[in-house]
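Asks: The residues making up each chain are set out below.
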Amino acid sequence: MVANFEAIITENGKGIFHLFPALCKGCGLCIEKCPVDTIGWSRQLGFLGTPVVEPGHGKPCIACKKCELICPDCAILIERRK
Amino acid sequence: MSVQARPAIPRSWRPETKPHKFCPGCGHGLILKALGMAVDELDLQDRLIFACDIGCSLLAWDFFNIDSIHTHHGRTLPVLTGLKRVRPELIVVAYMGDGGAYAIGAQHLVNAAARNEFLTVIVANNSLYAMTGGQMAPTTLPGQKTETTPYGREVKAAGAPVLGPELVDSIAPTGAYIARGTVASMIQLKNFIKKALVHQIEGKGFSFVESLSTCPTNWRTNAAETWHFLEKEMSGYFKVGEIRQ
Ligand SMILES: Cc1ncc(C[n+]2csc(CCOP(=O)(O)OP(=O)(O)O)c2C)c(N)n1
Ligand code: SF4
Ligand code: SF4
Ligand code: SF4
Chain Y
1 MVANFEAIIT ENGKGIFHLF PALCKGCGLC IEKCPVDTIG WSRQLGFLGT
51 PVVEPGHGKP CIACKKCELI CPDCAILIER RK
Chain W
1 MSVQARPAIP RSWRPETKPH KFCPGCGHGL ILKALGMAVD ELDLQDRLIF
51 ACDIGCSLLA WDFFNIDSIH THHGRTLPVL TGLKRVRPEL IVVAYMGDGG
101 AYAIGAQHLV NAAARNEFLT VIVANNSLYA MTGGQMAPTT LPGQKTETTP
151 YGREVKAAGA PVLGPELVDS IAPTGAYIAR GTVASMIQLK NFIKKALVHQ
201 IEGKGFSFVE SLSTCPTNWR TNAAETWHFL EKEMSGYFKV GEIRQ
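As you go down the protein sequences, you meet chains Y and W in turn. Heads up: the first sequence runs through residues 1 to 82, numbered per this note's numbering. Heads up: the second sequence runs through residues 1 to 245, numbered per this note's numbering.
A couple of the hints might just be wrong.
Some but not every residue of chain W turned toward chain Y, in silico, with C-beta under 7 angstroms [what the hints assert, rightly or not]:
#1 Q4
#2 I9
#3 L30
#4 A103
#5 A106
#6 A160
#7 V198
#8 A223
#9 A224
#10 W227
#11 V240
#12 G241
To be clear, the hints were calculated from the coordinates, so they are not data collected in a lab. Just so it is clear, CB atoms sit at the ideal spot from N, CA and C, and this is done for glycine as well.
Please construct the entire structure, taking both the sequences and the accompanying hints into account.
Replies: Shown next, in the form of structure tokens:
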């Protein structure tokens with residue numbers, strides 16, 4: 001079975017940033033690991049009623065997918081912009 | 001913009017049970033992500049048995065789309081030993097915490113390693129007893145504050161931290177695979193787990209991977225402090241790498 005979750009999609013730099021609020025627990029681990037510091041807190045709330053994250057707070061995203069890999073809840077999906 | 005999409009979760013995860021039961025920023029989710037990726041790459045989902053212990057690892061009882069067992073501290077090993085001996089075609093994985101593996105259930109780890117049982121053991125080392133509220137564990141670092149060491153662990157009174165993979169290395173006969181990874185290096189951790197599983201598939205013997213892990217809840221750390229404690233304090237004491245190939 002493939003579960004579908006709603007994603008908030010934001011284009012930034014080289015990446016298309018998909019954030020799944022139903023999965024994001026607002027731990028902030030991704031914010032610390034982004035090499036260009038583009039990830040920051042969003043106004044949207046996630047699974048636990050805490051803020052989710054969004055790109056656009058630093059330099060443009062380089063689509064390295066580090067945030068996708070280290071999210072313990074798989075709440076981020078990065079696609080490379082064509 | 002908001003659209004229906006598929007998160008990048010491993011195929012072997014069970015999506016209906018997500019978000020999983022671990023706290024925000026918990027390393028258990030990352031270790032099980034690395035295990036899920038390894039299982040997917042080896043296409044093992046249908047012949048794997050996943051067994052979790054007591055401690056926060058038990059919150060993984062419905063984590064995978066894989067037949068799963070839950071036992072008491074350390075008993076994952078004798079239970080899987082029996083299973084593997086009766087059904088050698090199955091690939092069995094024990095998932096335990098450092099308290100379960102190195103203290104409360106240590107006799108089972110020691111004897112399974114000594115007998116070179118064909119099991120894969122994955123231990124989450126988060127430096128304390130997490131599920132019960134953050135007491136000192138065998139792996140608590142010198143000077144680390146926990147619920148039961150409010151002034152920091154004193155080596156003179158409480159001994160030095162147990163080095164799990166090194167302990168297994170001193171017991172297991174030739175043929176074992178032993179490594180220590182960290183959730184700070186996910187691809188390396190996935191590769192260690194994959195090698196451990198292949199070791200069992202090829203019938204070479206006991207395979208053991210400890211992973212350094214995070215527990216922001218009991219460490220009482222924010223995200224920056226969590227990474228710092230894992231990557232500087234823990235990795236400084238517990239050496240990451242393969243001990244036996
Ligand atoms: C024989 C026994 N002693 C104590 C306990 C209480 N207990 C339950 S979970 C736990 C801590 C487990 O810590 P660890 O194995 O490090 O896993 P974590 O929760 O940190 O992931 C303890 C002490 C128990 N269940 N059984
Ligand atoms: S996207 Fe993942 S890593 Fe980032 S805050 Fe949310 S749960 Fe934590
Ligand atoms: S893909 Fe890389 S650059 Fe882009 S947001 Fe994630 S971590 Fe930052
Ligand atoms: S208490 Fe610690 S180990 Fe247990 S789920 Fe929470 S963060 Fe993870």
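Asks: Would you mind marking each hint as holding or not holding in the structure?
Replies: Taking the hints in turn, this is what the structure says about them:
1. Because the closest C-beta pair between W/Q4 and chain Y is about 5 angstroms apart, less than 7 angstroms, the hint holds.
2. Proximity of W/I9 to chain Y holds as hinted, the smallest CB-CB distance being about 4 angstroms (cut-off 7 angstroms).
3. The interface hint given for W/L30 is met, as the beta carbon of that residue sits about 5 angstroms from the closest beta carbon of chain Y, less than 7 angstroms.
4. With 7 angstroms as the threshold, the beta carbon of W/A103 stays out of range of chain Y, its nearest partner Cβ sitting at about 25 angstroms, so the hint is violated.
5. Restraint check, W/A106 versus chain Y: the minimum CB separation of about 27 angstroms is more than 7 angstroms; hint violated.
6. Annotation: W/A160 was flagged as interfacial toward chain Y, and the flag is violated, the nearest CB pair being 29 angstroms apart, outside 7 angstroms.
7. With a cut of 7 angstroms, the hint placing W/V198 at the interface with chain Y is violated, because the nearest CB-to-CB distance is about 22 angstroms.
8. Given the 7 angstroms rule on beta carbons, the hint for W/A223 holds: about 3 angstroms separates it from the nearest Cβ of chain Y.
9. Among the interface hints, the one on W/A224 holds; its C-beta lies about 5 angstroms from the nearest C-beta in chain Y, closer than the 7 angstroms criterion.
10. Checking W/W227 against chain Y: minimum C-beta separation of about 5 angstroms stays under 7 angstroms; hint holds.
11. A cut of 7 angstroms between beta carbons decides the hint on W/V240: the least distance to chain Y is about 16 angstroms, and the hint is violated.
12. Taking 7 angstroms as the C-beta cut-off, the interface hint given for W/G241 is violated, the closest approach to chain Y being about 20 angstroms.
Checked against the numbered hints given earlier, this structure breaks hints 4, 5, 6, 7, 11 and 12; the rest are met.
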